[in-house]
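K.L.:
Below are the chains, spelled out letter by letter.
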Amino acid sequence: MPHLAFDTAHLLAGGLVLVSFVLLYQDRLYSLLNIYALHAGVLAASVAWQAEIQNAPHLYVTAAIALGFKAIVIPVALRRIVVRLGIHREIESVVSTGLTMLGGMALVALSMVVMLKAAAEANPLAREDLSFALAVVLLGLLMMVTRRNAVSQVVGFMSVENGLVLAATGARGMPLVVEISVAFSILIAFIVIGIFLFRIRERFDTVDVQALDRFRGEQR
Amino acid sequence: MFDFAVQGAQMALVLLLAPLLTGIVRKAKARLQRRRGPSVFQPYRDLARLLRKEVVLAENASWLFRIAPYLIFAATWVAAALVPTFATGLTFSWSADLIAIIALLGSGRFFQALAGMDVGTSFGGIGASREMLIASLAEPAMLMIVFTLALIAGSTQLSSVAAFMVSSEVGLRVSLGLALVALVMVAIAENARIPIDNPATHLELTMVHEAMVLEYSGRHLAMIELAAALKLLLYISLIACIFAPWGLAPAGAGAAALGIGALSYSAKLLCGGLLLAVFETTIAKMRVFRVPDFLGAALMLGLLGTLLRFVSRSF
Amino acid sequence: MPVDLGLECVGALLGVAALALAVGRSRAGSSVVYGASFILCTIALASALRALIGGGIAYERVLPLGLPWIGAHFRIDALAAFFLVVVDLGGAATSLYALGYGRHEAAPMRVLPFFPAFLAAMNLVVLADDAFTFLFAWEFMSLTSWALVMAHHRERGNAQAGYVYFLMASFGTLCLLLAFGVLAGSEGDYAFAALRASHHAPVTAALVLTFVLLGAGSKAGIVPLHTWLPLAHPAAPSHVSALMSGVMTKVAIYGFVRLIFDLLGTPSWWSSMVVLTLGGITAALGILHALMERDLKRLLAYSTVENIGIIYIGLGLALAFRANGVEWAAALALTAALFHVLNHSLFKSLLFFGAGAVLTATGERDMEQLGGLIHRMKLTSVAFLVGCVAISALPPLNGFVSEWLTFQAILVSPDLPQWGLKILIPGIGALLALAAALAAACFVKAFGVTFLGRPRSEAAKSAQDVDRFSLAAMGLLALLCLLAGVVPGFVIDGLGPVVQSLVQGRMPAQSDMPWLSLIPIAASRSSYNGLLVLCFIALSGSLAAYAIHRIASRALRRSAPWDCGFPDPSPITQYSAGSFAQPIRRVFGAVVFQARETVAMPPPGALAPSRLTVEMHDPVWEGLYAPVGTAVGFAAERLNHLQFLTIRRYLSLVFLLLVLLLLVLAVWL
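Protein chains in written order, with my numbering: chain S, 113 to 332; chain D, -3 to 311; chain C, 949 to 1617.
Bound-form chain S, shown alone (with noise of 0.2 angstroms):
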């Protein structure tokens, strides 16, 4: 039944979104990164999924790649990193929570329209996976501009790189190198921000982006 093979494809995309308004909604670091963790593993139903309908199983690979490294690997190794540091456990952000919403509301809108109107011609099924992965991505970005703690910042980018493996598998073709090199990349950023933030822990005993600014000289 080809309508229930794209309505779950849809079902597990538009889940993913659900998941990234969920992390946004978060005050708490812990509860975040177990968000996440759900984040990733949405990711991997989908691409396993993804998977299942287009035979094409390297897509298999892409899946526990997300389940295994993302949804357990890296929450676990944030979750030691907040503790070692000893960060401050709740998240402040800019503005309020039901103005990030709204915000939020008004970037998947855009990326409907967007995504809609711009691939016009395209297979209309994965029109609208690509305009959810859109979502993703952009929702992931507000994330990072509207949080102040340095963790939530990490999780944010984390999450617009799923966003963009989703895009990608919907998208038809996707091969396992692009999906390696694209994880090592990661990997490599992420190990760099990991870096980064003990030494920012070290010489400024906090890793609030906004203390940072005071320390710039550009206090507001």
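Hints may contain errors.
[Stated by the list, open to error] Only some residues are given here: those of chain D computed to face chain S with a beta carbon under 10 angstroms:
(1) 169
(2) 259
(3) 303
These aren't lab readings, by the way, just hints derived from the structure by calculation.
A quick note: this is a predicted structure, and the numbers were derived from the prediction, not measured.
Quick reminder that beta carbons are idealized off the backbone N, C-alpha and C, glycines included.
Dock chains D and C against chain S, hints included.
P.N.:
Just chains D and C, lined up with the frame of chain S:
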């Protein structure tokens, strides 16, 4: 004639099952908290006891205070009787418009809040003002959910929506998933359940619904408690008939299909009650000014569902 | 002919206004004037109803008044007939109310001559069929209502209210003048028939829409031109407030509908986006302001702003459907908007009558000095309660029907092709739902703080119910609210010819639907039956009451309030208007009004009271009007130097201007 009997049976059924549902939820919560808990039939005994008691009325309570329990009960019972429970397409089910059902519950809430303010105590005021805050966000969220459902099913008439959901045309839809999550959040808020309000408390810091009915006693309190139980039944029936419509007897079905419908409905109620008990036990109550964030999220999900349906038919 | 009868009633009302100058000071003066207005409005109402039910055939009359080469054109078609019904029904109810209320008027000569003139002017605006007559009647309406606003000019704030109203009314008329100028183009034929037939480029149409929104919209009260409304409407005497909020805003809606739907021709889809956005913002902002108010009449005035927003949402939807050629959906949306016009005039007049009754009985408009009036003013409280339930859009009253129809119109809009509309309309639907829920909260506050609880002042303790005429007027409007709610099919059928003439489509005939249901599109899609809902509620309520009285104990005992065991004898401890709205102020007001609460707490042991201060900013006033006012002041300061020039400088100014004009002429030729 048979049709009228079936419609009447539904009205009586919801009234009879409502206290049992509340009893099941309380028993399940007690068991999860390693207590024995009261019997599942205890709410019936509570109602009977309240009916036998004398009403103690404040000196400055007005006629509105005395009439309000009947109005609240009548509005909630009519709304609950219109939601399909074991069958769709009953005699008066064409008048069961989803927006009208929500507005009927709104009327009940309007008079409940006014009754809270009638005696002129600060508890009544706090209950009324917090209830209207919750309503000002829960009602738009509910309306957005109704829009999403109406845009999928092509009608706001509840029995048409239920019939559409039973048929195989519906498939899995993203907007339905969003509507389900949002509906569960709104149902928790409207029924004054944890994490919004604690139905078992009598402390000012934690109450919304209990504060409004603080001055009621005797038969008036019995009607209001029954109305609250009916509201819980209504929401669980609503979620069941839209998102788990299997077993609903179609229009004009015979006695066998109605029997199956009744059995599946009882199973759904039991399931819903147990899930509610598990949810209430695992989560803590939020402080009052986090409730708008919670309901704002439900509103956003409903709005997102509607937006997706506006944008494309296949969402 | 209906138009002749309408004009005769207008003439008679002007005669009554002149009569009021003579008899106004005598004891029976107010009874004569208001009684005559009542009779004339009823006659005009009957004639307009007959014209509407008769199928909306247009009748015309040209009178040799005004400019000699144009004359004055008057016309009744379906649209005019409907709005005449609204105007005259409001006028008749207000005159009946004023027969009782007007006896308490301290300065009758400031009110009595202008009241019938105001009614005459409103009728004339709706009857007008050419631009001159329309603008003349519009300005006459503004002037008479301004005079009525200034009737109690010595009270605090009324003079400023009158000044702001005067400025905004002049601004509105100027914009309408420009709109008619652009519509007529270079030919200069200002009769509506000629304007209807002319064709417009999209730029011209956009210009006309802007001017009409500024002109008619400012009189109706859309954001950001609404600031005069909550100042002026409460300043007038209560029966005039009812007329201004309930009827004059509808005349402004008539102006908008006539100019945009009738004279401008087929709209473009982006004009509907502008109207929809303005409507949504107006609805949300209006009701949020109303929730922050403690003055009962200002609360009602802001609620008028909200309802005007709801009407504009319906009108915007109708424009969107019309631009895309979906006539049946445009008919649905326009019917919803016009039904809300009628509903709002009914329940807002009722609410203002109630506020006037409270003012007469207690002398207070501030809700925080009232309370417990349900015991002292029994019938007024019932009527006010009906008004509150109706305006909160609760079934089975009329407010719910127009809101339900608007929601149905929103639900058929996904088929519109334009992306902007697809994204905007769900957002507007959410704003509408939010406004409706906040309206219920607002009117729980209004009724609860004013009528329920314990009296907070001596005035509230010693209130008496008002006279028969006021009660009769309130009862009549409450009954009409109920009727429009349970048998709305007749109203919708009455609106059929109006909608047909404007969007070339109409809703299916409702009077012969089974069980008198309301079926806007098709029976399989959605239906609502107010009568059935009322019967069900009545039946189950009586069944419950009967069962309870059989099986339950009948005992009842009066005692002190329970209040958790700590009853406080002072009525100050009960919730006030500000405290009721505090959660909503904290959630919504923090964003919209930048509301901040500060508590000044004295140190322990000090005997001073603690103080709670709430600071709010009106975004429209501070964002738009204050800068404009500052700019005008700055410019005036600079231009003031022109007053003090020498004679040589004045001569050189004249000389330079002359040279400049000659240069322009040289270049042009």
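K.L.:
All the hints need checking, so say for each whether the structure fits it.
P.N.:
Cross-check of the supplied hints:
1. Of the supplied interface hints, the one on residue 169 of chain D holds, with its beta-carbon coming within about 7 angstroms of a beta-carbon of chain S, less than 10 angstroms.
2. Residue-level restraint check for residue 259 of chain D is violated (minimum Cβ-Cβ distance to chain S is 28 angstroms; threshold 10 angstroms).
3. With a cut of 10 angstroms, the hint placing residue 303 of chain D at the interface with chain S holds, because the nearest CB-to-CB distance is about 6 angstroms.
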